[in-house]
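A.B. asks: Sequence:
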Amino acid sequence: MHVHPYIWIITIVIMLALLLTDALILGRRPHMPTLKECVFFIGLYVVLAVAFGLGVTGVSGGGFGKQFFAVWLTEYSLSLDNLFIFIILMTKFKVPGYLQQFTLLVGIMVALVFRGVFIGLGQAVLNAWAWVFFIFGAFLLYSAFGLVRDYVRKTPEDEDAGDNIVMRWVRDHLPTTGDYRGTSMFVRDNGKILATSLFTVVLALSTADLLFALDSIPASYGLTGESYLIFTANVFALMGLRQLYFLLGNLLHKLVYLPLGLSVILGFISVKLILHALNHYGLDQKWFGIHTEISVEVSLAVIVGTLVVTAVASIIRSRRTDSAADAAQH
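Just so you know, we're using my numbering here: the sequence shown kicks off at 243 and counts up by one.
Warning: the hint list may mix true and false statements.
Claimed, not checked - No farther apart than 30 Å at their CA atoms in a straight line, the calculated lysine-lysine pairs in the BS3-like style are these: (1) LYS434 / LYS336; (2) LYS528 / LYS434; (3) LYS496 / LYS278; (4) LYS336 / LYS496.
Stated by the list, open to error - Restraint ranges, calculated between C-beta atoms of paired labels, are given here: (5) SER426 / THR563: 37 to 45 Å; (6) ARG559 / ALA259: 40 to 48 Å; (7) LYS336 / TRP373: 43 to 51 Å; (8) VAL390 / VAL245: 33 to 41 Å; (9) GLN527 / ALA567: 50 to 58 Å; (10) ALA553 / ARG395: 19 to 27 Å; (11) GLU279 / LYS528: 56 to 64 Å; (12) GLU279 / ASP392: 30 to 38 Å; (13) VAL281 / ALA553: 12 to 20 Å; (14) ALA567 / VAL281: 22 to 30 Å; (15) VAL394 / ALA553: 44 to 52 Å.
Simulated from the structure, these hints should not be mistaken for lab results. We treat Cβ as the ideally placed atom computed from N, Cα and C, and that holds for glycine.
Work the whole structure out from these sequences, hints included.
C.D. replies: So, in structure tokens, the structure goes:
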């Protein structure tokens with residue numbers, strides 16, 4: 243798939259225009275979004291993503307279109323896991339309701355910049371050293387086991403939320419106001435420039451998403467080698483994330499099997515990466531006498547099937563739990 247530099251430029255300019263317009267509007271009038279507003283924007287971004295995928299199919303062929311949809315669905319499902327951490331961080335830092343949407347938007351803008359850097363580095367590394375697929379595959383397999391381990395142990399998610407080396411350095415070295423000053427991240431107080439609590443929480447959200455990108459970007463490269471498709475899929479997955487945060491809220495906790503579903507997806511992609519590396523070096527024919535490449539159709543079917551089964555099983559489990567709780571009360 244050949245993507246001319248001007249296509250990259252147009253895509254980035256449109257993305258920046260949307261984000262900056264959104265930031266300026268929210269900066270002037272920070273507010274809690276209504277249900278109607280959330281549904282409208284989530285629907286809009288989903289429709290735009292589907293239209294973009296169909297456009298890729300029309301211009302570059304069905305294979306690349308399927309790759310885009312596979313990456314988009316994977317990134318979207320992984321972003322749901324991000325929302326758990328976002329909810330915890332918002333609660334932990336006691337972010338006022340009217341500032342939460344603006345905080346999420348700025349955090350997502352920073353996350354997109356970092357993910358763009360990660361995608362560029364990933365493409366360069368893979369072009370130079372195909373054996374890195376083995377490392378990516380092993381890392382994703384480790385991440386998949388980690389999700390299962392945390393689910394089995396019921397590890398409290400809020401123990402280390404917002405607690406990483408960057409946040410510890412900020413707490414120890416950066417003078418802060420200790421409160422929120424509207425949408426300002428820095429203020430001048432008695433001649434000193436101080437960071438507000440808004441800066442702290444935006445930094446916490448950004449670094450948390452950066453850690454999630456360590457899983458999601460290698461997973462995306464396991465589904466396609468096209469950095470343009472990975473970048474646009476990440477944009478579409480993240481653009482509606484803040485509305486999804488307000489729409490779902492506590493309902494996310496009803497997706498009890500989400501970590502297991504994500505572990506299956508990451509585990510599958512890790513196997514796909516390793517098999518791709520074996521095929522690249524001809525080791526599959528040498529060792530097994532067959533080609534071990536997994537088609538994008540199979541990848542898409544596994545991802546969609548896993549998400550459907552996860553959602554249905556979670557709903558059934560949640561309903562049974564709620565029914566049991568109601569019966570116990572009566």
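A.B. asks: Each hint: holds or not?
C.D. replies: The hints, checked one at a time:
Between LYS434 and LYS336 the CA atoms are separated by roughly 25 Å; this keeps the pair inside 30 Å, and the hint holds. For the proposed pair LYS528 and LYS434, the alpha carbon gap of about 67 Å is over 30 Å, so the pair is violated. Restraint check: the Cα-Cα separation between LYS496 and LYS278 comes to about 22 Å, which is no more than 30 Å; the hinted pair holds. Between LYS336 and LYS496, the direct Cα distance comes to roughly 23 Å. Compliance with the 30 Å bound is thereby established for this hinted pair.
In this structure the supplied range 37 to 45 Å holds for SER426 paired with THR563, their Cβ-Cβ distance being about 43 Å. Evaluation of the 40 to 48 Å hint for ARG559 and ALA259 yields a pass: the beta carbon distance comes to about 43 Å. Take LYS336 and TRP373: their Cβ atoms lie about 47 Å apart, and the range 43 to 51 Å holds. For the pair VAL390 and VAL245, the beta carbons lie near 37 Å from each other, so the given range of 33 to 41 Å is met.
Roughly 56 Å separates the CB atoms of GLN527 and ALA567, a value that falls within the hinted 50 to 58 Å. ALA553 and ARG395 have their C-beta atoms about 23 Å apart, which keeps the hinted 19 to 27 Å range intact. For the pair GLU279 and LYS528, the beta carbons lie near 57 Å from each other, so the given range of 56 to 64 Å is met. Distance hint check: the CB atoms of GLU279 and ASP392 are about 34 Å apart, consistent with the given range 30 to 38 Å.
For the hinted restraint 12 to 20 Å between VAL281 and ALA553, the CB-CB distance of approximately 18 Å keeps it satisfied. A hinted range of 22 to 30 Å holds for the C-beta pair ALA567 and VAL281, which are about 28 Å apart. As the Cβ distance of VAL394 to ALA553 is approximately 21 Å, the hint placing it in 44 to 52 Å is violated.
In the structure shown, a violation is registered for the earlier hints numbered 2, 15, in ascending order.
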